[in-house]
Amino acid sequence: MNIEDNYLKNKKNIFFSENKDIQTHREKLINIFKDDRFDKKNNESLKNINLKNFIDFKYKYLIPEETSVINNNQENCYSIVSVNGQCSSFKDDKIEITKIIDEDYNDFSKNDTIEKNDHFVNLNSLFLNSGFKIVIKKNNNIKIKISNIITDDDLTIFQKNSYICEEGSSLNLIEEYENKNNSSSNILNVIKLEKNSQLNHFLIQDNSPNHNLIITTHSSCKKGSTYTQKVYNFSEGYVRNFHYSELIEANSEADLQGIFFLKDNNTSNNKTFVKHLAEDCKSNQVYKGILNDRSKATYFSNTHVDQVAQKTEGYQLSKGILLSDNASYFSKPELKIYADDVKCSHGSTIGPIDENAIFYLRSRGMSKIAATKILISSFINEELSSIDNEQMSEIIQKKLIRYLSKVK
Amino acid sequence: MNSETLNTLNSYSKNKYKYGFVTEIDDEKPKKGLNEDTIKFISLKKKEPEWMLAWRLKAYSKWKKMKEPKWANLSFPEIDYQDIYYYSAPKGFEKKPKDLSEVDPKLIETYNKLGIPLEEQKVLSGVAVDVVFDSVSVATTYKGELEKLGIIFCSIGEAIQKHPNLIKKYLGSVIPPGDHSFSALNSAVFTDGSFVYIPEGVKCPMELSTYFRINAENTGQFERTLIIADKGSYVSYLEGCTAPKRDDNQLHAANVELIALEDAEIKYSTVQNWYPGDEDGKGGIYNFVTKRGLCAGKNSKISWTQVETGSAITWKYPSCILKGDNSIGEFYSVAITNNFQQADTGTKMTHIGKNTKSKIISKGISLGKSQNTYRGEVSFLRKADKARNYTQCDSLLVGNQCGAHTVPYIDSKNNTAVIEHEASTSKINEDQLYYCRQRGLSHEEAVSLIVNGFCKQVLQELPMEFAVEAQKLVSISLEGSVG
Chain X
1 MNIEDNYLKN
11 KKNIFFSENK
21 DIQTHREKLI
31 NIFKDDRFDK
41 KNNESLKNIN
51 LKNFIDFKYK
61 YLIPEETSVI
71 NNNQENCYSI
81 VSVNGQCSSF
91 KDDKIEITKI
101 IDEDYNDFSK
111 NDTIEKNDHF
121 VNLNSLFLNS
131 GFKIVIKKNN
141 NIKIKISNII
151 TDDDLTIFQK
161 NSYICEEGSS
171 LNLIEEYENK
181 NNSSSNILNV
191 IKLEKNSQLN
201 HFLIQDNSPN
211 HNLIITTHSS
221 CKKGSTYTQK
231 VYNFSEGYVR
241 NFHYSELIEA
251 NSEADLQGIF
261 FLKDNNTSNN
271 KTFVKHLAED
281 CKSNQVYKGI
291 LNDRSKATYF
301 SNTHVDQVAQ
311 KTEGYQLSKG
321 ILLSDNASYF
331 SKPELKIYAD
341 DVKCSHGSTI
351 GPIDENAIFY
361 LRSRGMSKIA
371 ATKILISSFI
381 NEELSSIDNE
391 QMSEIIQKKL
401 IRYLSKVK
Chain F
1001 MNSETLNTLN
1011 SYSKNKYKYG
1021 FVTEIDDEKP
1031 KKGLNEDTIK
1041 FISLKKKEPE
1051 WMLAWRLKAY
1061 SKWKKMKEPK
1071 WANLSFPEID
1081 YQDIYYYSAP
1091 KGFEKKPKDL
1101 SEVDPKLIET
1111 YNKLGIPLEE
1121 QKVLSGVAVD
1131 VVFDSVSVAT
1141 TYKGELEKLG
1151 IIFCSIGEAI
1161 QKHPNLIKKY
1171 LGSVIPPGDH
1181 SFSALNSAVF
1191 TDGSFVYIPE
1201 GVKCPMELST
1211 YFRINAENTG
1221 QFERTLIIAD
1231 KGSYVSYLEG
1241 CTAPKRDDNQ
1251 LHAANVELIA
1261 LEDAEIKYST
1271 VQNWYPGDED
1281 GKGGIYNFVT
1291 KRGLCAGKNS
1301 KISWTQVETG
1311 SAITWKYPSC
1321 ILKGDNSIGE
1331 FYSVAITNNF
1341 QQADTGTKMT
1351 HIGKNTKSKI
1361 ISKGISLGKS
1371 QNTYRGEVSF
1381 LRKADKARNY
1391 TQCDSLLVGN
1401 QCGAHTVPYI
1411 DSKNNTAVIE
1421 HEASTSKINE
1431 DQLYYCRQRG
1441 LSHEEAVSLI
1451 VNGFCKQVLQ
1461 ELPMEFAVEA
1471 QKLVSISLEG
1481 SVG
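Protein chains in written order, with my numbering: chain X, 1 to 408; chain F, 1001 to 1483.
Looking at chain X on its own, in the form it has when it is part of the complex (with noise of 0.2 Å):
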């Protein structure tokens, strides 16, 4: 079935499907998915994946009949459970959620730094069918954990969250993606850093081979603020990390980094995007993936500086291990500099495990595939010890350790 056939047979499930500036938007979308020829070299958002599972798909949604559950046990600490991308609304003197309205839409769609041909942001306007609200009031300091569940097989879902942290506060966000099921996720985030205000972002990623997961965030930090997010993608279906940054004030911060670990036929997608477009801005994009068996992965990082931005500092680094014959990992580091007063470098490295250091280690008495897992561990050692939350770090230490089990 073609997409718009798809969007007119379950226009009714879609929200704001009645509002006509949306309805006009989403016209334009479809126009563009008819007029593309998907070319694949060209398009970022295109490589490696097999397009027709993404364009040609059966739309299902279930409205979640369990609702959500929010605890509040901690003192600052929330749990969300997300259920089919819905979450109940709440309300205290600390945080506020809401489901999203028609007017949050345009803050959504109406954004130039994500690419206009990137075809999963546009189906996912297309399709919207789930989000929420998130709003921390001012001066607060607090941590939630999202749990996303999805109740059945063979679910699309198409979510966009919005997160506002108003000025001065600071947020600690686990987001957790653990579906077993055959279903697909495509999610926009849209997070807004008021002044002075901190957000540290963890995406733990881990699920099962048939559910993909596409998953977009566009942050932009005011004065003095600073977004860091760390990902950790574990999973073993398809995953899709794209994250665009803009500094649109003095002295914010962005931090991007991401870890990914790829067996089997699995592909990954990964892009970083920093706009600098005021001074005295910081940027950071570190990117590390291990590559076995058959798995692919690309990276994009691209660091824009406005020429406005003077005292720019951003640096890129991109390594890649690959263990084995097939894997291919593709990357792309780039720099585009509009100003003089600037220090910006990238790095990339990709090849396979240092030979002389399996040497040095089996030299001592250990095996081939037990010098492999150390030397694997300890590339990743310096993002895994800079995770100051204990439960976390836990968390991603098991997972490595079943993922470094199926290494030969």
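Bear in mind the hints are in silico, worked out from the structure with no lab data behind them.
Treat the hints with care, since some could be wrong.
Unchecked claim - So, partial list: chain F residues that the calculated Cβ filter (under 7 Å) puts toward chain X:
1. L1397
2. N1400
3. G1403
4. A1404
5. H1405
6. I1410
7. T1416
8. V1418
9. E1420
10. S1426
11. E1430
12. Q1432
Unchecked claim - Straight-line C-alpha distance at most 30 Å; calculated BS3-like pairs for lysine-lysine:
13. K52(X) to K1298(F)
14. K28(X) to K99(X)
15. K34(X) to K1067(F)
16. K263(X) to K1386(F)
17. K47(X) to K1357(F)
18. K1047(F) to K1070(F)
19. K1369(F) to K343(X)
20. K52(X) to K1067(F)
21. K343(X) to K1472(F)
22. K47(X) to K1386(F)
23. K319(X) to K1369(F)
24. K1348(F) to K288(X)
25. K94(X) to K9(X)
26. K1070(F) to K332(X)
27. K1369(F) to K332(X)
28. K138(X) to K192(X)
29. K319(X) to K1354(F)
30. K116(X) to K1386(F)
31. K1383(F) to K368(X)
32. K1348(F) to K1070(F)
33. K1298(F) to K1169(F)
34. K1203(F) to K263(X)
35. K1427(F) to K319(X)
36. K373(X) to K1383(F)
37. K28(X) to K1070(F)
38. K1357(F) to K373(X)
39. K319(X) to K1359(F)
40. K138(X) to K9(X)
Ideal Cβ positions, reconstructed from N, Cα and C, are used throughout, including at glycine.
Could you slot chain F onto chain X? The hints should help.
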């Protein structure tokens, strides 16, 4: 930024192009525009055999179906291919002069203005110069000496007539005419260029050199260069360019093919200083060049060195296909852009054979309102066991209206291959400037010194004859640009 820096920058950006003069020589042209008749005219003028004309026409039919590649970070008005002369040869050159005394004295004068006294160069530097003035080879020196060794160094036109077997075998083997629209265009209408063949086991005793010059107005120069290094041979080839000042944009789409067989080595150096347009971005050469080398045999090596200071638009990616086991590809580049110049340049290293190695050093310097992009691709194919790449690209920004961009594509499909890439972008270090000024250098001198130091890694790869010229060129580009 202090006022002094601004003054210096302004003085740079006002520096006039020193080589802007036009030599008045009558020339013969076909009608403007590109069609089959133009191609037949060129082929006839060059007295080419039938198969060559057929080859050209085939390329032309491919070109008609193609569009210009659009992915580069460049903006320029649409090129009107029907508004260009595709052939221009100074009159009376159909009979080649035997020595310099038979050459039009005006031509000799032109070279003297450029600072290449042909006669002197012959004696002093021992360089055999094959000068291309517009489209016809004018004088070739040291030919006899090369002939003794069995080296063929002549214009491509001559090679088509005298060595058809080599041409048939290798022309278009590295850059197929249908590769992209500029290669198809060149294949259809190329007029002249150099042909070099180094026989088995011969080390070419001198640097082979060509000076290209675009002279007649509105003449796109489409040269085609083909260099073949047979087993165990070595050759170093120099190419340098300056063009007189023009207001109309001139199109230049050259193709350069290198083939290195087993144990052979080719070193190809370019200094490009074509008219970059004036300070308002008017005029200048459009330079769309395809350069590609094939390391066909085991242990072969191809090394590209380029200093790019001219042209309004530079679109150039000298690349290496590392097919033979243990072959080596190198790329050293300095690209300086000023005023409204745009450069999108880099390289492509394709590792196919085992133990292949490549090294990329690229230095970009942007001044004025220019845009300078490094675009490079390194790919390891499945069978490229133990292949190795190292890439370093640094950019220097002078002034706050220019842009410096780095777009590397890195693709690895082999788990024993190692690839390293690093890049940095910054402005001229204030501490270094302060240090130089404290020791009595003027601001301009200090900037020039620092920039020359920044480029040193690349400049030292140039052969002696070029290194001096290149250093001067860097200073001149800065002088009018950074000084």
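Handout entry: Interface hint compliance - H1405(F) to chain X, C-beta minimum distance less than 7 Å
Key = Check passed: Cβ of H1405(F) comes within 5 Å of chain X, closer than 7 Å.
Problem - Restraint check for K1348(F) with K288(X), where alpha carbons must lie at most 30 Å apart - result: holds, 24 Å
Exercise for the section: Verify the proposed pairing of K1203(F) with K263(X), using a straight-line Cα cut of 30 Å. Expected result: violated, 51 Å
Exercise for the section: Could you grab the alpha-carbon distance between K343(X) and K1472(F) and see if it respects the 30 Å cut-off? Expected result: Holds. K343(X) to K1472(F) sits at ~29 Å (cutoff 30 Å).
Handout entry: Given pair status - K1383(F), K373(X), alpha carbons within 30 Å
Key = holds, 26 Å
Exercise for the section: Would you check the hint for K1427(F) and K319(X), treating anything up to 30 Å between C-alpha atoms as holding? Expected result: This hinted pair holds, its Cα atoms lying about 27 Å apart.
Practice task
For the pair supplied as a hint, K28(X) and K1070(F), confirm whether the alpha-carbon distance does not exceed 30 Å.
Solution key: Judged against 30 Å, a Cα distance of about 25 Å means the pair holds.
Problem - Hint validity - I1410(F) Cβ closer than 7 Å to any chain X Cβ - result: holds, 4 Å
Problem - Restraint check for K1369(F) with K343(X), where alpha carbons must lie at most 30 Å apart - result: holds, 20 Å
Exercise for the section: Decide if the proposed pair is consistent with the structure: K1298(F) and K1169(F), CA atoms, cutoff 30 Å inclusive. Expected result: holds, 20 Å
Exercise for the section: Quickly compare the C-alpha distance for K1369(F) and K332(X) to 30 Å and report which way the hint goes. Expected result: holds, 26 Å
Problem - Hint check: 7 Å Cβ-Cβ cutoff, T1416(F) to chain X - result: With a closest approach of 5 Å, the T1416(F) hint holds.
Checked against the numbered hints above, the structure violates hints 11, 12, 13, 18, 23, 25, 30, 34, 40; every other hint is satisfied.
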